[in-house]
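Residue numbers (numbering that gives the first Met the number 0), protein chains in the order written: chain A, 0 to 165; chain B, 0 to 586.
These are computed hints drawn from the structure, not numbers from a lab.
Here a beta-carbon is modelled for each residue, glycine too, at the ideal position from N, C-alpha and C.
It cannot be assumed that every hint is accurate.
Said to hold, decoys possible - Coverage of chain A stretches by chain B, computed from C-beta distances (three or more under 8 Å per stretch; other residues unrestricted):
#1 17-30
#2 63-69
#3 90-104
What the hints assert, rightly or not - Label pairs and their computed distance ranges (CB to CB):
#4 A:Gly51 to B:Asp198: 29 to 35 Å
#5 B:Asp231 to A:Arg148: 46 to 52 Å
#6 B:Gly575 to A:Ala53: 44 to 50 Å
#7 A:Ala16 to B:Asp146: 17 to 23 Å
#8 B:Asp123 to A:Asp94: 23 to 29 Å
#9 A:Arg83 to B:Arg193: 27 to 33 Å
To be verified - In silico negatives: residues of chain B with every beta carbon more than 10 Å from chain A:
#10 His140
#11 Asp316
#12 Ser563
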Amino acid sequence: MKNIINCLVENQPGVLARIVGLISGRGYNIETLNVGPTADPTVSKMTIVVPGDAHVIAQVTHQLSKQVDVIEVVNMTNRRHLNRELILVRVAVKDHHSRVEVVDLASLFMARVVAVQEDSVTIQMVGNQETVADFLRLLKPYDIIDISRSGVIAVGREVVEHEGAK
Amino acid sequence: MKSKKAKEEAMEAAQTMRSGAQCVIDGLVEAGCEVLFGYPGGAVLDIFNHLYDAPLHFVLTRHEQGAVHMADGYARATGRCGWCLATSGPGATNTVTGLATAYMDGIPLVCITGQVPLHLIGNDAFQEADVIGITRPVTKHNFLVRDADELPEIIAKAYYIATTGKPGPVVIDIPKNVQKQKTAKRAPKQVAMRAYHPDVTADPAEIEKLAELINRSARPLLYVGGGAINGDASEELTALARKANIPVTTTLMAMGVFPEDDPLSLRMLGMHGSVAANYAVDHCDLLISVGARFDDRVTGKISSFATRATIAHIDIDRSSIGKSVRADLGVHGYVKPVLAALLPLVQEAKHEEWLEQVNRWKDRFPFTYSQKGKEIMPQYVIEQIYEVSKGRAVIVTDVGQHQMWATQYYRYTKPRHFLSSGGLGTMGFGLPAAIGAQLGRPDELVVCITGDGGVQMNFQELVVAVERRLPVVVVIVNNGFLGMVRQWQELFYGHRYSGVMLGQEGRRPNEHVEMQANYLPDFVKLAEAHGACARRVTRPTEVAGALKEAFESRKTWVIECIVSPEANVFPMIPPGAHVAEMINRTV
Chain A
0 MKNIINCLVE NQPGVLARIV GLISGRGYNI ETLNVGPTAD PTVSKMTIVV PGDAHVIAQV
60 THQLSKQVDV IEVVNMTNRR HLNRELILVR VAVKDHHSRV EVVDLASLFM ARVVAVQEDS
120 VTIQMVGNQE TVADFLRLLK PYDIIDISRS GVIAVGREVV EHEGAK
Chain B
0 MKSKKAKEEA MEAAQTMRSG AQCVIDGLVE AGCEVLFGYP GGAVLDIFNH LYDAPLHFVL
60 TRHEQGAVHM ADGYARATGR CGWCLATSGP GATNTVTGLA TAYMDGIPLV CITGQVPLHL
120 IGNDAFQEAD VIGITRPVTK HNFLVRDADE LPEIIAKAYY IATTGKPGPV VIDIPKNVQK
180 QKTAKRAPKQ VAMRAYHPDV TADPAEIEKL AELINRSARP LLYVGGGAIN GDASEELTAL
240 ARKANIPVTT TLMAMGVFPE DDPLSLRMLG MHGSVAANYA VDHCDLLISV GARFDDRVTG
300 KISSFATRAT IAHIDIDRSS IGKSVRADLG VHGYVKPVLA ALLPLVQEAK HEEWLEQVNR
360 WKDRFPFTYS QKGKEIMPQY VIEQIYEVSK GRAVIVTDVG QHQMWATQYY RYTKPRHFLS
420 SGGLGTMGFG LPAAIGAQLG RPDELVVCIT GDGGVQMNFQ ELVVAVERRL PVVVVIVNNG
480 FLGMVRQWQE LFYGHRYSGV MLGQEGRRPN EHVEMQANYL PDFVKLAEAH GACARRVTRP
540 TEVAGALKEA FESRKTWVIE CIVSPEANVF PMIPPGAHVA EMINRTV
């Protein structure tokens, strides 16, 4: 199971390396990782997608919380939240027919065509984890030349008092 | 008026401008550092310049690894923070083993390293290493200081982080230009950190639940780890065990936290623990872990560990609870207050049937060995150390067979009397750690039990003991082998002794050397060259006399005991095995 973990950290040099090193050093995988500033310039937010069972996720959460630079850890998967990922994907199109198909598919997902070449189209798509996965699955029969993903970001849907593991 | 006051303040500030290096020394003194272990170099010249007239003892070690182990031994022996100092690049990389050792065992220490000037970082400058990157996985936290203004607070924070929560080593990496830079900043009176809150209070409901479990249990067992020593919980633990008649087994890290001569003591558990302790784990219906972390050397095969038991786990490290073994009840908090709160809730109990069973195991399976010919048995050496010291010594060990024998044939009755690298298993730890321990507890008899392998890894530090007239007694249990590895090769690799012979005789063709002497080095000569008293003992009858002479002399001694070369440590539960697979050959 994939878990989306939001992690508020001190906005300091080396914190990213510390978090990544911690997770890899203990043998866990990171599927995606996104880091950005928050409203408070001294705090950064990391969104980490980690596959693993409940035991693994509990360990990751506790190990993260233990870090001196980590202010708060929230497993978003356990609560009402919104998650989004932005992808840019370039698909080869041999002919008019396949181009129409790809553009058609994109429009079904409310994705935008952001660049068109003779032999390819580039699509920008934003969606939650499931939608992105569905879109990529349906694109599979076509020839995907390149793909860039922002990684998942997530935000809680309601204010929870004393949230987080810290 | 006001402007005059402001002017005065400004003038005072100008007068009290300090260099970063001065801030380091002041910070150490303010934090209560009495002894600093270290080694100089280009990137810490400014700090050494201020050390020149600092009100603390500086111990010049002969290797940076020795400095960290000494600070570590000092911390283990006293419960206070250890302090060490090394230069950039190779100086700092030499501290890594020592830091990892302290990290695994939760030992509070602060290690200050010099760094190349900020503008040269990343340039592959002379003696540059990415110390923050290198030490990150082996420290509780580390700091790169970018501005002298941050330095006073960082030193206070480092000390705070090292000594609170689950203790651990903290590195402060200070570029040379920051050491020279002036600042008016002072350390805050109180350290406040947004993201670090070690002031954990355990949930009273969890403590009540644990008390209920204990009161309902017919076969409870206390499994105690290093957290009970770090957390100074010996008294509370002993009171709890005696009130409810709960047998106690300890890990390597907790030897002596509960008196081993108490009828309730089952002594150490795990791979080389007592049969009684391991049987008790297997048969208990409630396992109460107190500041222990279910290391694989303790559990063996996880799926068959304590299968009949409800497992309760008290720990200050939340991530430790349920990490390797399921915890049916976790109590997150410091062990001392948790045990203190638990005590009145726990009813007096006899557990007669359970204790009878446990005592039968104890009687039936004591630690034993058989004498081989006229050789000195290594176990006998440990027994003699116990006898001659009357069990009052602070024992510091290296890693390997002698370390395990030191747990089996000596009885520890007080905390902080057995210091050993448990988690990392660092050979070369013993001698420098013993020196650190002796500096921290000058009136005690400190005995370093080591092997002929381990002692050679940091032998150079013997000079430090001799120079300072430290009465450390180093007992080398010399079997001519890297004994523990040899034991595994004997038991699990069909006697194929590969790379384990320190003697020159009988080596494999690809390790063969033309024989010069059967054994090198000559430890007696080597010790004497370092200025220590030394003696080689080859007969059992000489052991007690040699120890007595050394213990009474209050001088630095090295006693080399030539012991039976192929003695094994038993009992032994093979790695990843169940207690039923225990090997216990005493012949």
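Verification of the supplied hints:
{"no.": "1", "hint": "17-30", "in the structure": "holds (count 4)"}
{"no.": "2", "hint": "63-69", "in the structure": "holds (count 6)"}
{"no.": "3", "hint": "90-104", "in the structure": "violated (count 0)"}
{"no.": "4", "hint": "A:Gly51 to B:Asp198: 29 to 35 Å", "in the structure": "holds, 30 Å"}
{"no.": "5", "hint": "B:Asp231 to A:Arg148: 46 to 52 Å", "in the structure": "holds, 51 Å"}
{"no.": "6", "hint": "B:Gly575 to A:Ala53: 44 to 50 Å", "in the structure": "violated, 24 Å"}
{"no.": "7", "hint": "A:Ala16 to B:Asp146: 17 to 23 Å", "in the structure": "holds, 20 Å"}
{"no.": "8", "hint": "B:Asp123 to A:Asp94: 23 to 29 Å", "in the structure": "violated, 54 Å"}
{"no.": "9", "hint": "A:Arg83 to B:Arg193: 27 to 33 Å", "in the structure": "holds, 28 Å"}
{"no.": "10", "hint": "His140", "in the structure": "violated, 4 Å"}
{"no.": "11", "hint": "Asp316", "in the structure": "violated, 7 Å"}
{"no.": "12", "hint": "Ser563", "in the structure": "holds, 41 Å"}
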